[in-house]
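Trainee: Single-letter residue listing:
Number of protein chains: 2
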Amino acid sequence: MSREADFIQSLRALATHPAARGLVDDCAVLELGSETLILTHDVMVERTHYLAGADMADVAFKLVAVNLSDLAAKGAEPVGVLLGHMLGEDDARFAEGLAEVLGAYNVPLLGGDTVSGEGARSHGITAIGRATHTPVPSRSGAQLGDTLHVTGTLGAAMLGFEALRDGTGAGHAAYSRPQPLLTEGKALAPHITAMMDVSDGLLLDAFRMAEASAASIAIDSAAVPVADTSRRIDCLTWGDDYQLLFTLPAGTESPVPATRIGTVEPRGFAPLFLDGEALLNPEGLGYTHK
Amino acid sequence: MSREADFIQSLRALATHPAARGLVDDCAVLELGSETLILTHDVMVERTHYLAGADMADVAFKLVAVNLSDLAAKGAEPVGVLLGHMLGEDDARFAEGLAEVLGAYNVPLLGGDTVSGEGARSHGITAIGRATHTPVPSRSGAQLGDTLHVTGTLGAAMLGFEALRDGTGAGHAAYSRPQPLLTEGKALAPHITAMMDVSDGLLLDAFRMAEASAASIAIDSAAVPVADTSRRIDCLTWGDDYQLLFTLPAGTESPVPATRIGTVEPRGFAPLFLDGEALLNPEGLGYTHK
Numbered sequence: 202m203s204r205e206a207d208f209i210q211s212l213r214a215l216a217t218h219p220a221a222r223g224l225v226d227d228c229a230v231l232e233l234g235s236e237t238l239i240l241t242h243d244v245m246v247e248r249t250h251y252l253a254g255a256d257m258a259d260v261a262f263k264l265v266a267v268n269l270s271d272l273a274a275k276g277a278e279p280v281g282v283l284l285g286h287m288l289g290e291d292d293a294r295f296a297e298g299l300a301e302v303l304g305a306y307n308v309p310l311l312g313g314d315t316v317s318g319e320g321a322r323s324h325g326i327t328a329i330g331r332a333t334h335t336p337v338p339s340r341s342g343a344q345l346g347d348t349l350h351v352t353g354t355l356g357a358a359m360l361g362f363e364a365l366r367d368g369t370g371a372g373h374a375a376y377s378r379p380q381p382l383l384t385e386g387k388a389l390a391p392h393i394t395a396m397m398d399v400s401d402g403l404l405l406d407a408f409r410m411a412e413a414s415a416a417s418i419a420i421d422s423a424a425v426p427v428a429d430t431s432r433r434i435d436c437l438t439w440g441d442d443y444q445l446l447f448t449l450p451a452g453t454e455s456p457v458p459a460t461r462i463g464t465v466e467p468r469g470f471a472p473l474f475l476d477g478e479a480l481l482n483p484e485g486l487g488y489t490h491k
Numbered sequence: 202m203s204r205e206a207d208f209i210q211s212l213r214a215l216a217t218h219p220a221a222r223g224l225v226d227d228c229a230v231l232e233l234g235s236e237t238l239i240l241t242h243d244v245m246v247e248r249t250h251y252l253a254g255a256d257m258a259d260v261a262f263k264l265v266a267v268n269l270s271d272l273a274a275k276g277a278e279p280v281g282v283l284l285g286h287m288l289g290e291d292d293a294r295f296a297e298g299l300a301e302v303l304g305a306y307n308v309p310l311l312g313g314d315t316v317s318g319e320g321a322r323s324h325g326i327t328a329i330g331r332a333t334h335t336p337v338p339s340r341s342g343a344q345l346g347d348t349l350h351v352t353g354t355l356g357a358a359m360l361g362f363e364a365l366r367d368g369t370g371a372g373h374a375a376y377s378r379p380q381p382l383l384t385e386g387k388a389l390a391p392h393i394t395a396m397m398d399v400s401d402g403l404l405l406d407a408f409r410m411a412e413a414s415a416a417s418i419a420i421d422s423a424a425v426p427v428a429d430t431s432r433r434i435d436c437l438t439w440g441d442d443y444q445l446l447f448t449l450p451a452g453t454e455s456p457v458p459a460t461r462i463g464t465v466e467p468r469g470f471a472p473l474f475l476d477g478e479a480l481l482n483p484e485g486l487g488y489t490h491k
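These protein sequence lines map, in sequence, to chains B and X. Under my numbering, the first residue of the first sequence is numbered 202, with each subsequent residue one higher. Under my numbering, the first residue of the second sequence is numbered 202, with each subsequent residue one higher.
Careful: at least some of the hints might be erroneous.
Claimed, not checked - Example chain B residues on the side facing chain X (calculated, C-beta under 8 angstroms, incomplete):
| no. | residue |
| --- | --- |
| 1 | Ala229 |
| 2 | Leu240 |
| 3 | Val425 |
What the hints assert, rightly or not - Reference listing, derived: stretches of chain X covered by chain B, where coverage requires no fewer than 3 residues with Cβ under 8 angstroms from a Cβ of chain B:
| no. | segment |
| --- | --- |
| 4 | 234–240 |
| 5 | 279–285 |
| 6 | 309–320 |
| 7 | 397–411 |
| 8 | 471–477 |
Claimed, not checked - One side of the interface only, derived from the structure: several residues of chain X facing chain B at Cβ under 7 angstroms:
| no. | residue |
| --- | --- |
| 9 | His218 |
| 10 | Leu288 |
| 11 | Ala296 |
| 12 | Gly342 |
| 13 | Leu345 |
| 14 | Gly346 |
| 15 | Thr438 |
Just so you know, the hints here were simulated from the structure itself, not pulled from any lab data. Cβ atoms here follow ideal geometry from the backbone N, Cα and C, with glycine treated the same way.
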């Protein structure tokens, strides 16, 4: 096991509170008085999560958006965010992007910390939400016979990243300024059996849903809406699209626009089947160790 | 105004929610259903907040402890923490320190994010607490005629830092493993008029309390318990001691061991008077821009 995997295992061993459900890379779901709180924390690091020289307004926008996307997948209403920010050259642009994303989703900045440091900068957001529906959606609820659905189009973020990296002048908003699907998440929460956002690649996230649900998921790749049909597998594994992936009981219609892309089957020898091919381990299915 | 000051001003302009009270560097106090939540987020950066080569178990311990100290100053009971962690060489030690501090204060790890990056590492903790007393203690409640008190001894962290830096072999726990005064904070909350933890230096933090309370605070330096009487002013300005600084109505005894070090006076021409000398601005009174 790698050193990183060892560390993450140590954290999982510490995350024994029922709110954490042993998962340190997912939202915490915390019953508190009359409310159910949803808590999530994501960090973005220069050169790991964004290109050196990136517009810091985009970085701020995306940092908040990906945290709000975690809340969306829980059907949660945002309550506010805390910011951990390493000061740098383009802070004025960072502040502009922060104001834009908080304004767009009507989310208050509640507090945080600003620090100085050398080398690659990092920025963290903690997002706090309140559940609008209980039980709170999770990735572990997929049931035998359910249908699998995804919102939107996959691969758009990949094309945006490539446009930005190559300076082609093509649009890159799908990569730089993802839109958290808060309205869709709340509409879906009462209907779904399992839900998560597609942050690390459709196949990897579906693999994780299948593992968490102790089921197998079968995906029909041709059914998945992709941004570039000539690179279908790239679109299914790239990530960063922040669409919602969810399962519904057979015969239930999605209350939001979405595409049916597969089914939940009895747990076979693999968690994931793509066009009938068994995918036994998560390597190559998406981004890991981000 | 410096670029950093500009940025912090931009954040203050965004922090308009009543929970944030326009302060991005203090706890957020959030009414939610039947509970009052206290939220805080602090970041530690390699070479800014800890020495390169530091024992990462100490770094993890201190990172959690300083966030819990913020909760202590609000009289809050910790509910849990989220961790944002940049992976590195000594992660096994980091995990050990994390387990120690969470165990010592019986605080669960609720979730977080692990990331890779180059250069100086950074680590963030978000601590979530619930208020045990309302109104929640703040730094802004000091009243004319109140007495000013501080727990413990100031300057111990400074001596610990110097021992560690110089490799003298003397104890450095006061610097490396500060003890958040959670029990004391809860005991004090119903009695105090203003309270904060001493993170950036007694004089700077008292200056901030006076400013927030629109009062003047007069401190008798000889009354302050210090770890090295030959370096009294260093002890009063160094910070990192995480003692509690609070005001009580005249005649009220402190319910926890503490020393009376001053009084709250009508707002004069300076926020702070040290042995009768007016201190007009915060420069030199403690750490800023950490």
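Trainee: For every hint, state whether the structure bears it out.
Mentor: So, going through the hints one by one against the coordinates:
1. A distance limit of 8 angstroms between C-beta atoms decides the matter here; for B/Ala229 the minimum to chain X is near 4 angstroms, and the interface restraint holds.
2. Contact between B/Leu240 and chain X, as hinted, is supported at the beta carbon level, the nearest pair being about 6 angstroms apart and thus within 8 angstroms.
3. The restraint placing B/Val425 at the interface with chain X is violated, with a minimum CB-CB distance near 27 angstroms, outside the 8 angstroms limit.
4. For the segment 234–240 of chain X, the stated coverage by chain B is satisfied: 5 residues place a CB nearer than 8 angstroms to a CB of that chain, which reaches the threshold of 3.
5. Coverage of a stretch by a chain is defined here by at least three residues with a beta carbon nearer than 8 angstroms to that chain's beta carbons; for the segment 279–285 of chain X and chain B the count is 5, and the condition holds.
6. Counting residues of the segment 309–320 of chain X whose beta carbon lies closer than 8 angstroms to any beta carbon of chain B gives 12, which reaches the threshold of three, so the coverage claim holds.
7. With 0 residues bearing a CB less than 8 angstroms from a CB of chain B, the segment 397–411 of chain X misses the requirement of three and the coverage assertion fails.
8. Against chain B, the segment 471–477 of chain X contributes 0 residues with a C-beta closer than 8 angstroms to a partner C-beta. That does not satisfy the three-residue criterion, and the hint is violated.
9. Residue-level restraint check for X/His218 holds (minimum Cβ-Cβ distance to chain B is 3 angstroms; threshold 7 angstroms).
10. For X/Leu288, the interface hint holds, the least distance from its beta-carbon to any beta-carbon of chain B being 5 angstroms, beneath 7 angstroms.
11. This hint holds: X/Ala296 has a C-beta 4 angstroms from the nearest C-beta of chain B, less than the 7 angstroms allowed.
12. Given hint, X/Gly342 at the interface with chain B, is violated; its Cβ is 19 angstroms from that chain's nearest Cβ, farther than 7 angstroms.
13. Interface restraint check for X/Leu345: the shortest CB-CB distance to chain B comes to about 29 angstroms, outside 7 angstroms, so the restraint is violated.
14. At about 31 angstroms, the closest approach between the beta carbon of X/Gly346 and any beta carbon in chain B exceeds 7 angstroms, and the interface hint on this residue is violated.
15. Contact between X/Thr438 and chain B, as hinted, is not supported at the beta carbon level, the nearest pair being about 19 angstroms apart and thus beyond 7 angstroms.
Consistency note: the structure conflicts with the earlier hints numbered 3, 7, 8, 12, 13, 14, 15.
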